[in-house]
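S.K.: So the sequences go chain by chain: Z and L. Note that the UniProt record's numbering gives residue 47 to position 47 of the first sequence, counting from 1, and the numbers run on in steps of one. Note that the UniProt record's numbering gives residue 154 to position 154 of the second sequence, counting from 1, and the numbers run on in steps of one.
Watch out, some of these pointers could steer you wrong.
[To be verified] Below are the DSS-like pairs computed for lysine-lysine, each with C-alpha atoms no more than 27 Å apart in a straight line:
{"#": "1", "chain 1": "Z", "residue 1": "K66", "chain 2": "Z", "residue 2": "K206"}
{"#": "2", "chain 1": "Z", "residue 1": "K18", "chain 2": "Z", "residue 2": "K140"}
{"#": "3", "chain 1": "L", "residue 1": "K83", "chain 2": "Z", "residue 2": "K141"}
{"#": "4", "chain 1": "Z", "residue 1": "K141", "chain 2": "L", "residue 2": "K60"}
{"#": "5", "chain 1": "Z", "residue 1": "K140", "chain 2": "L", "residue 2": "K83"}
{"#": "6", "chain 1": "Z", "residue 1": "K117", "chain 2": "L", "residue 2": "K60"}
{"#": "7", "chain 1": "Z", "residue 1": "K140", "chain 2": "L", "residue 2": "K60"}
{"#": "8", "chain 1": "Z", "residue 1": "K114", "chain 2": "L", "residue 2": "K153"}
{"#": "9", "chain 1": "Z", "residue 1": "K186", "chain 2": "Z", "residue 2": "K77"}
{"#": "10", "chain 1": "L", "residue 1": "K126", "chain 2": "L", "residue 2": "K159"}
{"#": "11", "chain 1": "Z", "residue 1": "K217", "chain 2": "Z", "residue 2": "K186"}
{"#": "12", "chain 1": "L", "residue 1": "K198", "chain 2": "L", "residue 2": "K60"}
{"#": "13", "chain 1": "L", "residue 1": "K60", "chain 2": "Z", "residue 2": "K145"}
{"#": "14", "chain 1": "L", "residue 1": "K159", "chain 2": "Z", "residue 2": "K141"}
{"#": "15", "chain 1": "L", "residue 1": "K210", "chain 2": "L", "residue 2": "K153"}
{"#": "16", "chain 1": "Z", "residue 1": "K141", "chain 2": "Z", "residue 2": "K217"}
{"#": "17", "chain 1": "L", "residue 1": "K198", "chain 2": "Z", "residue 2": "K140"}
No lab work stands behind these hints, which were simulated from the structure alone. None of these values were measured; they are calculated from a predicted model.
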Amino acid sequence: MADIENLNSEANERSIVKAWRAWRTAHEMVQDRGYELAEEEVKISLDAFRTQYTSIDGTVARERMKFSARPSPEMLKKYAPPATPSNPDPQPDVGTIWVEFNDDTSVGAEAMRKFAKFCSHEHYRTGMLILSGNVSSAAKKEISKFAQWTTIEWFLEEDLLINITHHELVPRHVILSRDEKTALLKRYRLKETQLPRILQRDPVAKYFGMRRGQVVKIIRSSETAGRYASYRLCV
Amino acid sequence: MSKQPGKPKGILKNKSALPSKSTEQHTPDPREVAIRHAQIIHSRREVEDQISESIIELSKFPNTRDSPYNASNPAPADAESFKDRVRLYQPSDYDDLIEERNANGLCGYTLCPNPRSRIAGGGTFKLVNFGRKDFNIVPTRELEKWCSQKCAKRAMYIKVQLNETAAWERAGIASIHIDLFEDDIDATTGDATKQREKEVENLEIEALEKTAQNARDLALERGDSAENGKMPKRSIKLTIREKTVNAPAAPSLDTDGQTHLVTEGYKTTFDPKSETVSQKNKSTDVKETTPKE
Chain Z
1 MADIENLNSE ANERSIVKAW RAWRTAHEMV QDRGYELAEE EVKISLDAFR
51 TQYTSIDGTV ARERMKFSAR PSPEMLKKYA PPATPSNPDP QPDVGTIWVE
101 FNDDTSVGAE AMRKFAKFCS HEHYRTGMLI LSGNVSSAAK KEISKFAQWT
151 TIEWFLEEDL LINITHHELV PRHVILSRDE KTALLKRYRL KETQLPRILQ
201 RDPVAKYFGM RRGQVVKIIR SSETAGRYAS YRLCV
Chain L
1 MSKQPGKPKG ILKNKSALPS KSTEQHTPDP REVAIRHAQI IHSRREVEDQ
51 ISESIIELSK FPNTRDSPYN ASNPAPADAE SFKDRVRLYQ PSDYDDLIEE
101 RNANGLCGYT LCPNPRSRIA GGGTFKLVNF GRKDFNIVPT RELEKWCSQK
151 CAKRAMYIKV QLNETAAWER AGIASIHIDL FEDDIDATTG DATKQREKEV
201 ENLEIEALEK TAQNARDLAL ERGDSAENGK MPKRSIKLTI REKTVNAPAA
251 PSLDTDGQTH LVTEGYKTTF DPKSETVSQK NKSTDVKETT PKE
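Between the sequences and the hints, there should be enough to build the whole structure, so can you do that?
M.R.: Structure, rendered in structure tokens:
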């Protein structure tokens, strides 16, 4: 009996640690994208996490794990389309982000629709779903239907256990704003299509929530040149 | 310009005449064309939405889970609405539906009220029918889609009836029917007769169409011009002139009683001088003649 209890608490402990790491990575991701988050929110300690997000029986209360973040002024500036005479004060195409954890074994179309409806109804421009189970193909189709109102992204919790951008083999990625992109194309006299490409489903592109047409600057350390920058167009 | 003798005449068509003619004849209003295409796309989207809507709805089927009804004997209302909706599906949509039902923890067959089976123990593959002729190694994922093999069969029976063509092309065709898999033999025979009836009906319709087409072709061949959709009456004057017929004389029975000797109109005659025939005659002749001598 005591053994079973011991096993249970051990499994609970493991699941709590997993949820905590995913929670931290999600916060880092949101912060790296340019949203405003307090430092103590991002660097939450395991004990603080345990007191806040576990229920009485010691399991993780994933239904309580949700947060939203507002974009910082720099991010708003970065994502604002260039001003034109007809539209002198363009609205940036980013807004508040909503992040939610989910512990269902698999997410169906209905659950996805509910989430997307919630996000679009509450005027969240981006909705992020962090799941323990997989997403059905019908649910993936639902995402594109709400693209007009809200961008839905989903990650598996097990993929967020470590922050991939902190790995030593992942170079620094910097997303360029529209002005920087036009400057780059002008500087090298390139057309957009002449840039090397990066897929939208690339792990790092997913991490930064890149959209089609954005350009990312990748800064690698080089033995001979010190630093080497290359550019990728998201397709 | 062509009147000047030195200058060669171009073989190309007169450029100025051509486009003006075509524009005068039919200038499709670009706005109208755009609206028409937008409406087509809109209706396609509507059908797609309808399908994804029905996937969500069917993923919670059956509505009645009471004891008399099960997968092999579904509630009639459920079966009808299922057949009505799955009619528009492509096989891929049907796969989505199965996946969606599994996500809800149900058996992949829409009319089955049971939960999906969970195979104990890990492993991506599972041995089925071990030690038998139909032994097979199957991915566990495939097995876990259904509550039983029977349901898998029923579901696949539906899937093979689905069509790959896009849903909006089939939406208007009323003759597409999906049949459920029937377990009992009586039902299957009834189904077979129904199927046969349908085939015969189709054949009859085809034959009718064919005769109509043939009649039209013939009319064209005769030179009837079908104008305004109706056949004009042909004005041909017909006079029927009877021909006098000399009927052959009826055969009469022969009076001399020799007809039985005639073969195909030829009556064999015997040569009186031949030896075999004249033998008897000779002897009689001899008899007769001797007293004379």
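S.K.: Against the 27 Å threshold, does the CA-CA distance of K210(L) and K153(L) hold or violate the hint?
M.R.: 39 Å, violated
S.K.: Next pair to validate is K217(Z) with K186(Z); report whether the Cα-Cα distance is within 27 Å.
M.R.: 15 Å, holds
S.K.: Does K60(L) lie within 27 Å of K198(L) when you go C-alpha to C-alpha?
M.R.: 33 Å, violated
S.K.: For the pair supplied as a hint, K126(L) and K159(L), confirm whether the alpha-carbon distance does not exceed 27 Å.
M.R.: 24 Å, holds
S.K.: Check whether the Cα positions of K159(L) and K141(Z) lie no farther apart than 27 Å.
M.R.: The hint holds at about 21 Å.
S.K.: Is K198(L) close enough to K140(Z), meaning Cα to Cα at most 27 Å?
M.R.: Violated, because 40 Å separates the two Cα atoms, which is more than 27 Å.
S.K.: Given the hinted pair K83(L) and K141(Z), is their alpha-carbon gap at most 27 Å?
M.R.: 23 Å, holds
S.K.: Given the proposed pairing of K114(Z) with K153(L), does the C-alpha separation stay at or below 27 Å?
M.R.: 33 Å, violated
S.K.: Does K60(L) lie within 27 Å of K140(Z) when you go C-alpha to C-alpha?
M.R.: At roughly 18 Å apart (the allowed maximum being 27 Å), K60(L) and K140(Z) satisfy the hint.
S.K.: Please work out if K117(Z) and K60(L) have their alpha carbons no farther apart than 27 Å.
M.R.: 20 Å, holds
S.K.: Going straight from one Cα to the other, do K60(L) and K145(Z) come out at no more than 27 Å?
M.R.: Roughly 21 Å separates the two Cα atoms, so the pair holds.
S.K.: Can you confirm whether the C-alpha distance between K66(Z) and K206(Z) stays at or below 27 Å?
M.R.: Holds, because 20 Å separates the two Cα atoms, which is no more than 27 Å.
Violated hints for the displayed structure, listed by number in ascending order: 8, 12, 15, 16, 17.
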